[in-house]
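Trainee: Residues per chain are reported as follows:
2 protein chains.
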Amino acid sequence: MFRTHTCGELRLSDVNKTTTLAGWVQTVRKFGSITFVDLRDRYGITQLLFSESLNEKLEANPLGREYVLQVTGKVNERSNKNTNIPTGEIEILVSDFSILNKSITPPFTIQDDTDGGDDLRMKYRFLDLRRNAVKRNLELRYAVGRSTRNYLHENNFMDIETPFLIKSTPEGARDFVVPSRMNPGQFYALPQSPQTFKQLLMVSGYDRYYQIVKCFRDEDLRADRQPEFTQIDCEMSFVEQEDILNMFESLIKRIFKDVKNIDYTENVERMTWEDAMWQYGNDKPDIRFDMKLCNLKFPGHTFPSKPVISALIDGADFKVFDEAETVIAIAASGCSEYTRKQIDELTEWVKRPQIGMKGLAYIKYNNDGTLKSSIDKFYPEEKLKAIAEAVNAKPGDLIFILAGAEERTRKATSELRLHLGQFLGLRKADEFKLLWVLDFPLFEYAEDDNRWVARHHPFTSPKPSDIEIMINNNPVIDNPAEYLKHPYANIKANAYDMVLNGNEIGGGSIRIFQKELQQKMFAALGMDEAEQQHKFGFLLGAFEYGAPPHGGLAFGFDRLCAILGGSESIRDFIAFPKNNSGRDVMIDAPSTIDDKQFDELQIKLDLKQ
Amino acid sequence: MFRTHTCGELRLSDVNKTTTLAGWVQTVRKFGSITFVDLRDRYGITQLLFSESLNEKLEANPLGREYVLQVTGKVNERSNKNTNIPTGEIEILVSDFSILNKSITPPFTIQDDTDGGDDLRMKYRFLDLRRNAVKRNLELRYAVGRSTRNYLHENNFMDIETPFLIKSTPEGARDFVVPSRMNPGQFYALPQSPQTFKQLLMVSGYDRYYQIVKCFRDEDLRADRQPEFTQIDCEMSFVEQEDILNMFESLIKRIFKDVKNIDYTENVERMTWEDAMWQYGNDKPDIRFDMKLCNLKFPGHTFPSKPVISALIDGADFKVFDEAETVIAIAASGCSEYTRKQIDELTEWVKRPQIGMKGLAYIKYNNDGTLKSSIDKFYPEEKLKAIAEAVNAKPGDLIFILAGAEERTRKATSELRLHLGQFLGLRKADEFKLLWVLDFPLFEYAEDDNRWVARHHPFTSPKPSDIEIMINNNPVIDNPAEYLKHPYANIKANAYDMVLNGNEIGGGSIRIFQKELQQKMFAALGMDEAEQQHKFGFLLGAFEYGAPPHGGLAFGFDRLCAILGGSESIRDFIAFPKNNSGRDVMIDAPSTIDDKQFDELQIKLDLKQ
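If you read the protein sequences in the order shown, they are chains A and B.
Residue numbers for the first sequence follow the working numbering, so the first one is -13 and each next one is one higher.
Residue numbers for the second sequence follow the working numbering, so the first one is -13 and each next one is one higher.
Hints are supplied without guarantee of correctness; some may be wrong.
Because identical chains cannot be distinguished in the list, a pair is counted as satisfied if it fits within a single copy or across any two copies.
[As the list claims (entries may be wrong)] Derived lysine-lysine pairs resembling DSBU-like cross-links, with alpha carbons at most 30 Å apart:
| no. | residue 1 | residue 2 |
| --- | --- | --- |
| 1 | K501 | K419 |
| 2 | K43 | K449 |
| 3 | K200 | K121 |
| 4 | K109 | K200 |
| 5 | K582 | K414 |
| 6 | K506 | K582 |
| 7 | K43 | K501 |
| 8 | K449 | K16 |
| 9 | K506 | K109 |
| 10 | K590 | K239 |
| 11 | K270 | K243 |
| 12 | K43 | K239 |
| 13 | K594 | K582 |
| 14 | K506 | K88 |
| 15 | K590 | K200 |
| 16 | K109 | K501 |
The hints are simulated quantities; they were obtained by calculation from the structure and are not laboratory data.
Make the full structure from the sequences, and use the hints.
Mentor: Below, the structure written as structure tokens:
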């Protein structure tokens, strides 16, 4: 060992002990003939005191930032204590030292507030990882993993590894493929998830499976997506949806306790997908604050169970509302005194191309109970008041109204809600609100191919009450214009998403476990029997040998860690992330390969000009 | 939940409880009007009793092997107890049941002694995994992983994930590569190990890292190799070899305790590579038994510190020995009364092509102290006695002597030793003997290229005392015939292998952490500066910024589990293994991919005729 203690270990109670430390030089400060060095390692920082007697050696062996240093000395009580760090009451009176390795000047400072830009820090990731801020993230990630494993172990789950070199069955996302040298002309695929393997394990009787496992998707990378990412992947047999929700909300509560020391004792809220879309405008609502959407006019096609309340705005001859497919209001609490300028800024905000609205109407519900609006030319005060009541506004609130095409308007209002929530300080970083979103539609309509696609994936079971509808109807859509009237449009899935502070952190479903229903599902997605056999013959085969009822879910491990760490960026919680072009700029990958490799793999490039 | 208890849970103390179980039908037995069913799940088997009142329902819903069944009933004390299983004192008086899923007849029996052959069980792996024998293996694997994680956690190691999509730097083994769609013409490689990344983590200050991680090598698969395999991968900073040996022999001892309940209290033996090769003929000796090799004649070139004792056999005018490069003897304890037939069989055994020797001489050291030999025409009794003494034989032993080319003869004698050890019952399945093999040569000579290759890998440090030799000498070999006289031939590595019962279960080294020495190493392996920069520029760069002294090792997780489970085959300890052609015959992978995939990846096939 190059050390007897770490740089985070020594305390007042260790005074007079002889110690050897090893670490990195954080700072060197000279005071007259005395030199102070802050020595850093993974565990902390310890102050070193080099007295005059070492000056000759120090001159022959000058110290620099990030030098690797080994020192021996005695633990001494500091006269000038630093109460900000655990070792701040002591220092080491160095008797001897040795430079284990030198460092050239780092391209950025190794500090919480570094002067390094993103690109530089990615290129020198090995230096960025030295920064406390990044180290804390990786420590949190390790703690989340550890807590997860402990909880699942205590609940009889088994970690079982599934293969990485599997079969390409592109459904939705693109596979990364791997040419097989031993089977020329054939390719493996890297798993997008261990989905079919964990289902096979259920067929095999391993009734509680988990894995913290890398998955791969070759997708164009939007901000905060990675081509390789990590899932907490779980599956259980002999369970219904309720069992899964209980098991895994308890997992997240356990992680809150272990990692953040938060007692999340309240029940986890539950909401149907329809309610989420209706009340919050998206399927992963941030319920740390209320400010629900109010549909003032809606043809009711996507959400058949929701009321149409267009009478509130009808008959006023206001073309913008009359001609809009959807008109949605929200009330910003306590904002009735917003200035013209503030409202103009918000109007510009919703008109940005990312939001894409044409304008923003408002109603000020003044503290004295009067109402003032940008649309009072069309709506008398009593109408405005009815709208205010519909959107649950109180005196002192400011009501915003957006109008336009259904999907865009809903999305825009949802964005505006989050924007206002952020601005009004309602999205508190230290508040955590879990939510289950339930009863998703099983299918989505793919206009290009005039067919159904699986909203979740092809293994998700319909709600038990909808199985008959699925079995007894032909999935073919005869009239594309009226696809919403097809019986499949209303089939609900036995699927669930877990949402934390407006982020989807996990999702899953009860699976199909009957061969016939699985075949019906594949057929509904446009797969003929030959394709079903080629891609999923092994699964259909397995279902013939006594498949148990089962279901599961997967958490996005990177994102869960990021949110627990109070960050929006998963990249900060991955030791060696890739950039938006899927490149690792530190090791410079991907890169060219040798002719010999092409030759052995029996492939060649076919580059487009 | 489909159940209130598992099939392994109920005991006498549960009698009269109402219970619901779910599982698979193992057997159905009818006795008159009563039907007994053994219901199986992951946790065990419970006997069900269907009384006459259920016969009508049973006739309408007949049960078959591997049907998935849910039953409700009362726990009853059995009159006919089965003491072989934990639930053997009770049975369930079934009041109602429901068939959750049916099964067609499995292609083999789901029993410890199945009637299924290897190929069939691989194709229906999901059924093979139901067998107790396979389930026990996966449970052991999980327990080994769990024990490993607990131990490393307690010792401040952090599990940090390293990337799977990295850069191809073929050194030794072939990489699997992954075409990058977003970077046309470029490829990722799958890691052969996280070696360089864990070293970067040391540079980053994460002084105790581990991962249980998949690695990939595209090699022709000998029996018991897999293209994807799992390592327990570890690295530490500020350590010397001694620290690593202590840390990781304690890990293995902990696994013995946690998984096998074995108290491995004795010290782990250590042996130099030279001694292992000299005394056992290979670098992973099985030291559960003695039977050391005795070199009767040796030119002394590969093992410079070993004595040449050819005087024992010189001057007898026995051409076979005189002309052989090497003559090696071993003594089989208590075998002096072997018959002519037994010795002939062993002679045939060493003449098999896999062993490749021309013959087998023997000396019987009779219980009365006389000696009888197949070569007594050439050697008088006193000479034979001298040989017997040299090989540590006692009266009652049988000495075998092999002669031929050095490497082949050494290997053959080592194989003969293991063969005899097996035959004589000296390799006990329930005895575990750990061994560290130390002081490997740093380089091996590559005849084809007349250059050095790294015996371990290019990141392994020479012994501190040999660093000067490496720095101060030119690696170029001027005279290929005399490569053994090159100073590099005798450089020892700071490397270590852990051997368990004759199997290498892990290995590692103290790493090079100085840029100049790393460059010298790359140059010694024939890499010019451009190639060094292209392949490992990131590592050389990182070494400029204060790399600490560090070292580590990796255990072969699959093999470790196999040996602990008493098996020679790692395949039995992998949930979904591949066959010797790298195929997963269950899912039928690898397979062809779509034209669209080729098009997007901008590659095409280039198949040889």
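Trainee: Name the hints, by number, that the structure is in violation of.
Mentor: Hints 1, 5, 8, 10, 12 contradicted; others consistent.
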